[in-house]
Amino acid sequence: MAETMTQDKVQQLIAALEQTPTNLHNGSFLITWRNPAEHIRAVLLVAEALQRLNRAGKSVRLFDTGLGISIFRDKSTRTRYSFRSACNMLGLMTEELDESTSQVSHGETVRETASMISFLSEVIGIRDDMFLGEGNRYQAEVAESVQESFEAGVLAQRPSVVNLQCDLDHPTQALADLRHLIDHYGGVENLRGKRIAMTWAYSPSYGKPLSVPQGIIGLMSRFGMDVSLAYPEGYDLVDEPVEAARRFATESGGKFEVVHSMAEAFKGADIVYPKSWAPMHVMQKRTELLRGGRAAELKELELAALAENARHKDWECTEEMMKHTRDGKALYCHCLPADITDVSCKEGEVSASVFERYRLDTYREAGHKPFVIAAMILLTRFADPAGTLRHLATRDMPRRLA
Amino acid sequence: MAETMTQDKVQQLIAALEQTPTNLHNGSFLITWRNPAEHIRAVLLVAEALQRLNRAGKSVRLFDTGLGISIFRDKSTRTRYSFRSACNMLGLMTEELDESTSQVSHGETVRETASMISFLSEVIGIRDDMFLGEGNRYQAEVAESVQESFEAGVLAQRPSVVNLQCDLDHPTQALADLRHLIDHYGGVENLRGKRIAMTWAYSPSYGKPLSVPQGIIGLMSRFGMDVSLAYPEGYDLVDEPVEAARRFATESGGKFEVVHSMAEAFKGADIVYPKSWAPMHVMQKRTELLRGGRAAELKELELAALAENARHKDWECTEEMMKHTRDGKALYCHCLPADITDVSCKEGEVSASVFERYRLDTYREAGHKPFVIAAMILLTRFADPAGTLRHLATRDMPRRLA
Amino acid sequence: MAETMTQDKVQQLIAALEQTPTNLHNGSFLITWRNPAEHIRAVLLVAEALQRLNRAGKSVRLFDTGLGISIFRDKSTRTRYSFRSACNMLGLMTEELDESTSQVSHGETVRETASMISFLSEVIGIRDDMFLGEGNRYQAEVAESVQESFEAGVLAQRPSVVNLQCDLDHPTQALADLRHLIDHYGGVENLRGKRIAMTWAYSPSYGKPLSVPQGIIGLMSRFGMDVSLAYPEGYDLVDEPVEAARRFATESGGKFEVVHSMAEAFKGADIVYPKSWAPMHVMQKRTELLRGGRAAELKELELAALAENARHKDWECTEEMMKHTRDGKALYCHCLPADITDVSCKEGEVSASVFERYRLDTYREAGHKPFVIAAMILLTRFADPAGTLRHLATRDMPRRLA
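Chains as they are written, first to last, in the working numbering: chain A, 8 to 409; chain B, 8 to 409; chain C, 8 to 409.
These aren't lab readings, by the way, just hints derived from the structure by calculation.
No experiment lies behind these values; they were computed from the predicted model shown.
Incorrect hints may have been included.
The list treats identical chains as interchangeable, and a pair is accepted whether it falls inside one copy or across any two copies.
Said to hold, decoys possible - Each computed SDA-like pair below joins lysine to any residue, with the alpha-carbon atoms no more than 20 Å apart:
(1) K292 / R62
(2) K353 / T116
(3) K82 / E103
(4) K16 / A163
(5) K82 / S107
(6) K82 / E106
(7) K82 / D105
(8) K82 / T108
(9) K215 / T108
(10) K16 / P211
(11) K215 / D321
(12) K292 / K336
(13) K336 / F389
(14) K82 / L104
(15) K215 / S107
(16) K292 / R144
(17) K274 / E326
(18) K353 / V117
(19) K336 / T325
(20) K82 / Y192
(21) K82 / R118
(22) K82 / T116
(23) K16 / F157
(24) K82 / H288
(25) K320 / E25
(26) K336 / N197
(27) K306 / G214
Given only the sequences and the hints, what does the whole structure look like? Please build it.
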């Protein structure tokens, strides 16, 4: 019975996918707002289908052998394991390029390394979010390099490049968040008119990337939602995603606003996403100082940034603040780990009681990421994704062999 | 012919397993002496069956995809590779959580991390043996966390937690040692009445965990053996395993004694296990000082502990000492690496000539660990272990495909 | 059509392999010049067959489960990924022994560790090229240790040891280079009479291993080629490979010369391989000082070596230098990463324009390595390599399952 329901639902997802022409085969997935609506829709459909098949005990393995390479230029728990889980469920063995034990520092160029790790690779996942203006450029360079080597016949296949967070976007996070909202509201069509508050929040740390808020506004604005972006004066985001959000809101019949009050953004919100980030000008300065190796000035910058942050400690998602939301019961979202007041820090982004109430929800939210990444791999590596999914749904291959 | 013998023996093991009701499915394996006799017996039966099938060239793969996560908070060669080998033989890809490159230090709680690495995981193996009173607690917390997430539907499956050594027990070691004795004596029933000397031995290092001697006395006492625990005054073990050993000895018709002379323990011994450990009070003090970051006092403690150790250099397993054992030919056991006099140190736990005579035996002893760990995974992840084994034994799936 | 051509070609390779008796089963692959011609030929045939099957979309997986262990005592990108790719294509999960997190430093002997990581392992790949006189010895010791444990029944199978670069040879590199030349010239028989210039080149770094030039002259001299080894006075290689090259040249009807001018070596060359290495006497001194922990003298040695190097900056593969080669169009080879003037350093081994013209060729060259390593594993782990290949060629097992 449960299996029949899974099969019916998966067949519906496949049918919808057949109506969603994509151009992702032999390509990469880097920035959501530069991708057409069909690509976003396809990722959502495939991610859900894979998740349902997995829950039903079916193997979704698509490769007998092959590698998935990860490059993490910043710390990661969730995304690292999500990438590995995604590769594993599809049958790829993962390997992480550790730049400290490789010869990358030894005069090797990016384009050279890209090919050297790709001879039998199907996907390269990259996190590079530390320096404004660099992460996306690096990922694009890797993608161009494997494309060149593939076209020249050096590589037998063209590995996808998947953005596991850059300076601009965090697409696997934003799409996992979106999958969570779709599940929560029972369908993407039910997001229409829902108000989401993507707000800055206080944190005792400094230098957090801008990619999460940029990813959220650049994605959620495509579904007729009422997107409110809130931050203290000076904590502006990069122009491109803000302009994309404005355009998408108009096109989708939704709304997009920028305000400078957490309470105002929370007002009537169905969903809140309070999350710290660094002011863009701080990130720019930091990038410049780091490049120049100017340690003393970096320390000064950090102190100044922390002092500036500290002026906005009232940007905390407290029980009081939550009362502004629809019926006081907005869904709290976070990419984790959150800075929780009295738990992980003295004063942070969210109060302990609010976080605890939504804790398991944030785990559910995170649980979509492996399937979003797997969907990106499937869509970039298989020419007929609907046919591939149909094969997975109908073949007799359980995840457990006994 | 050889294959028929393997099949017959494996069928006997499966038949015995069917008579051994266990309650391990969807659980964990943390401390042997807190587990009923049936659980211990089941691990021994499954480990032997897996080893025999492997030696006969059969694949014992049970998962088409899935992850095994390891967390090592202390150095490891044997146990790390045993865990990886166990996962690999069952079809799981392994990943090690490296806390330095994850966001674990970044305000993340244990229970959060536990779920974040578990979305597609079947087992989490943990070594955490540095601080008295902490390792077992940490493992239990991870187990509770994945249990909570599984019950809430956040996780599609409930990963087992397997204790790869904590402050209290080292169950995969002790059970591998037991498998070695069973093989050596031709059956668990032949252990009855055998005398085993679990003794302290001198080492020029300090701070070695207590979990091996505790694991040995807490396990070997369950089989009617004559267990002699020997150590210099002051090198006491934790109460719980000592009390368990005393109780088990009574219940199983064996003996348990604590003496303060290596020669006395060796007297008439069939098996000797000379191995250094730190006095409990040193470990407690060390934990306290480490927590307080009191470096100067730590150095003092180390010097005092080494000086105390040095008073007991006569606790060495020499040829002379071996003469006290039954016919001078007791089986020498060690968890490795041993501190071998004139090989790995100037003065150590065992003389070079004794060690060399038993060197390949200690390798055999170590060789049981992958199968013990695999048995724990099988028993915790499969509801009908005997049926699962029967499937492995009868299906036509070789380890090599050509 | 393409598939039929692949099948025909692979059948020819298998037929040739059947005429090539080898003695590699249950052995290791350490030094090319100590192996008979049949072993070299077999590696070339198997590597090409595996590459063709892979390009044709066939899975070459031979193991259902099993481990491949790597030990890197020096940095690596290409070889590390090649080893992992080789293991993955054959169905082995790879694990890297990280000596800093293992107990190797903790009194563990090489022979003990070798067995501890081998209980379910099929291959151990080792890079140990830092100290002259040590790497090969270490690899041989590991091989002897697993042999002893296999013979004693401690190990159920005898893992191969594969030399991923030692102080003497870099066989997976040299054989990948040879596969590249065979592809480039359309057959090993077409190498006869071709002139190859293996020359020293200037680099602003110091302490590069001698194993690549030694591997090249010790291998290329076996196929009737005209091998010219060129280096500034004082940059001598180890005797053994030089003597082997001289002997092989005579036996194969080729030539071998040592000259002290890059231009002279390049004269009429079909292939050039300009690559920096350290003078042998510097490597010997360095090994001695490193062992003695003599930091100040090490710094002096480095400065002296760099100053000596700097006297030979004219040993650069420039456009001008290339004009000496046959029609000015010799094939440029390099093991990568190259020290490229104005790209990875101010003055280096090769000018930017020469390198750029051959850049994709050097990637192709590198792309052979995974298949060379896989061939070594297949030949050492399977008793009937031709039969094994025939099975791979005829079974219906695609690399992608959908």
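Hint-by-hint comparison with the structure:
no. : hint        : result
1   : K292 / R62  : neither (46 Å within a copy, 48 Å between copies)
2   : K353 / T116 : between (44 Å within a copy, 15 Å between copies)
3   : K82 / E103  : both (13 Å within a copy, 14 Å between copies)
4   : K16 / A163  : between (36 Å within a copy, 18 Å between copies)
5   : K82 / S107  : both (14 Å within a copy, 8 Å between copies)
6   : K82 / E106  : both (13 Å within a copy, 10 Å between copies)
7   : K82 / D105  : both (12 Å within a copy, 10 Å between copies)
8   : K82 / T108  : both (17 Å within a copy, 5 Å between copies)
9   : K215 / T108 : between (27 Å within a copy, 16 Å between copies)
10  : K16 / P211  : neither (45 Å within a copy, 63 Å between copies)
11  : K215 / D321 : within (18 Å within a copy, 49 Å between copies)
12  : K292 / K336 : neither (39 Å within a copy, 49 Å between copies)
13  : K336 / F389 : neither (42 Å within a copy, 40 Å between copies)
14  : K82 / L104  : both (14 Å within a copy, 12 Å between copies)
15  : K215 / S107 : between (23 Å within a copy, 18 Å between copies)
16  : K292 / R144 : within (18 Å within a copy, 44 Å between copies)
17  : K274 / E326 : within (14 Å within a copy, 70 Å between copies)
18  : K353 / V117 : between (42 Å within a copy, 18 Å between copies)
19  : K336 / T325 : within (12 Å within a copy, 71 Å between copies)
20  : K82 / Y192  : neither (32 Å within a copy, 47 Å between copies)
21  : K82 / R118  : between (23 Å within a copy, 19 Å between copies)
22  : K82 / T116  : between (23 Å within a copy, 16 Å between copies)
23  : K16 / F157  : neither (37 Å within a copy, 23 Å between copies)
24  : K82 / H288  : neither (23 Å within a copy, 37 Å between copies)
25  : K320 / E25  : neither (49 Å within a copy, 62 Å between copies)
26  : K336 / N197 : within (17 Å within a copy, 66 Å between copies)
27  : K306 / G214 : within (12 Å within a copy, 37 Å between copies)
Hint violations for this structure: numbers 1, 10, 12, 13, 20, 23, 24, 25, all remaining hints satisfied.
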